[in-house]
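Participant: Residue-level listing of the chains:
Number of protein chains: 2
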Amino acid sequence: MLCTPVYFMRKTAVLCLLFISANIFAEPLPSWSNGKSKQAILQFIKIVTDTESPEFVRKAERIAVFDNDGTLWAEQPLYFQALFIFDRIKELAPAHPEWKTQEPYSSVLKGNVKAALAGGEKALLEMAMTTHADVTAEEFQQIVKEWISTAKHPETGKLYSEMVYQPMLELLHYLRANGFKIYIVSGGGIEFMRPWTEQVYGIPPEQVIGSSIKTKFKIRNGKPVLMRLPELNFIDDKEGKPVGINQHIGRRPIAAFGNSDGDFQMLEWTTADKGARLGVIIHHNDSKREYAYDRDSHIGRLDRGLNEAAERDWTVVSMKDDWNSIFSD
Amino acid sequence: MLCTPVYFMRKTAVLCLLFISANIFAEPLPSWSNGKSKQAILQFIKIVTDTESPEFVRKAERIAVFDNDGTLWAEQPLYFQALFIFDRIKELAPAHPEWKTQEPYSSVLKGNVKAALAGGEKALLEMAMTTHADVTAEEFQQIVKEWISTAKHPETGKLYSEMVYQPMLELLHYLRANGFKIYIVSGGGIEFMRPWTEQVYGIPPEQVIGSSIKTKFKIRNGKPVLMRLPELNFIDDKEGKPVGINQHIGRRPIAAFGNSDGDFQMLEWTTADKGARLGVIIHHNDSKREYAYDRDSHIGRLDRGLNEAAERDWTVVSMKDDWNSIFSD
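Top line first, the protein sequences correspond to chains A and B.
Our numbering puts the first residue of the first sequence at 496, with every later residue one more than the last.
Our numbering puts the first residue of the second sequence at 496, with every later residue one more than the last.
Since the hints were derived computationally from the structure, they do not count as laboratory data.
Any given hint could turn out to be false.
Every beta carbon over 10 Å from chain B, so not counted as near; a handful from chain A, in silico [what the hints assert, rightly or not]: (1) Glu522; (2) Glu634; (3) Thr645; (4) Glu734; (5) Lys815.
Cross-link-like lysine-lysine pairs, in silico, DSS-like; alpha carbons within 30 Å at most [to be verified]: (6) B:Lys718 <-> A:Lys769; (7) B:Lys713 <-> A:Lys709; (8) B:Lys554 <-> A:Lys718; (9) B:Lys718 <-> A:Lys531; (10) B:Lys718 <-> A:Lys733.
Think of the CB as a built atom: it goes at the ideal place given N, C-alpha and C, for glycine as much as any other residue.
Isolated chain A, as found in the complex:
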């Protein structure tokens, strides 16, 4: 079969892509078992892409948003960005002899994670500023690129980029093949994700939304640079997620995927408007193949989401039952 080019550019491209996607996706989402979750997702994609459907959505408005930590890759025993912060502290330590006796740095250097995190979010934020600022945007990008391609997870010994979920990679792929534009909307640092999301998820930097520190344009040695400042700019979590979505995208998504109560408002915002909407919560209930945690977890706490998913018609994905495989290797 051939696809004929016609004079209207967009139409030609669509005809070709549909033909090819039908070939590639003989069986969509192969790592998902054929349960209610997979059917709900496939049914949603079908009704918004079928031009004969009353729920049809034009391509430009097929926006899907994904949380990152715990939704696209793992987040235990600690957010991977916290582990990056600890690695940075160890690397920067020679230039900071005062850290030997100064908390929380001293605990990090001794490898005592519990003591290092005793100061809670405030301590972690301070360490993030120390380790993420005072370099240019492009220097920071290089630092992250080197870390992501060499650092290993403390429990699995894998590269962090190998701890992404295979069923979610298939879902990203299938959504893209159906004309969706995919954004990451994460509480994690926007500049911590951008250097690797294109390679790992196929999501380009301009489709990554996250928390940020301020940057300042200046001329250094005759060249313009963007200096990263130790000053908070935006927290992309909870009520911040719909705000971040509006800032970056300027229209409401039609599908949202999360795993914790930090994603609640993003799902609420996405699914409140008229027309077909999809809200999905990934439930970590597989202690054998990954981790099992929800209502009482300090990381990725999921409580309200579990309580209200049914009445809000959100799909709760059981990692144990709905996924045939977990990691992408």
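Could you slot chain B onto chain A? The hints should help.
Facilitator: Frame of chain A, contents of chain B only:
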């Protein structure tokens, strides 16, 4: 001629698009006269899209940024958003009897623009807050949509959307046909532009960067809304433009188009990196067909840009000599 679908999706699409674009653009940029400016633009596009060229840039990195006021549409006798603010004040006046005696509102209501703007940027910013906040993001979108489809320019009597530059529309079209992703990077309000940029320029809301006020997620009558607050979030002008570009795009553009010193740092940032780069300044020097202003203008002041364009290898477009037509009608 047919384009054959192959198994690798991206390749097929590219083959078809190239074939079709060759047909559509028998003569690229017809409203541009065949001078140095047009040649510089076409030459740049050629060397970054030709796979045999040492300056070839892969499609994902072909990012072009455009200022809006004075670059894509006119900006005289006042920024169009200032005229929108005045129209909003007149509309809101019945609910604000105090404005009859309160400056700058009282001058706006009397139609005395000069007196209304006597307070400079501070007064304009205050009026922007008053007229842009205390509604939801979606309500504001509707207000702008109605205004842009009905309000008329005070001097030409045209719709504002008819005061976009035909040569620039052709350039946007030609860049897109060559695989570029186009962003607006404007000092104007991001939510003032998004409701109409897709229809007028073919630029979707997620590719619009601008100044903004803060928004807050809240539940109103059981439904989630984003309330617009009378509080400044970000000024996307001068040194702010590279910062806004980095926030939204996360990579450096390879082409930048502006018309005033407010765009200087955007062009500087874009053209400072290695590889082929294009910096273009639109020079308003056509008093007959549009307006003539530069070094001494209060709006769209262009001084440093004119001084340094040659040494920085930026192209200065003469609206008088390089453009066969000005407006899109």
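Participant: Please go over all the hints and tell whether each is borne out by the structure.
Facilitator: Now the hints, each set against the structure:
1. Glu522: holds, 16 Å
2. Glu634: At about 13 Å from chain B, glutamate 634 of chain A clears the 10 Å cut-off, so the statement holds.
3. Thr645: It holds; threonine 645 of chain A is separated from chain B by about 22 Å at its closest Cβ, greater than 10 Å.
4. Glu734: Glutamate 734 of chain A not clear of chain B: closest Cβ-Cβ about 4 Å, inside 10 Å.
5. Lys815: holds, 31 Å
6. B:Lys718 <-> A:Lys769: holds, 12 Å
7. B:Lys713 <-> A:Lys709: Holds, at roughly 25 Å.
8. B:Lys554 <-> A:Lys718: Answer holds: lysine 554 of chain B to lysine 718 of chain A is near 26 Å, not above 30 Å.
9. B:Lys718 <-> A:Lys531: holds, 28 Å
10. B:Lys718 <-> A:Lys733: Status holds; Cα separation ~16 Å.
The structure fails hint 4 only (numbered hints given earlier).
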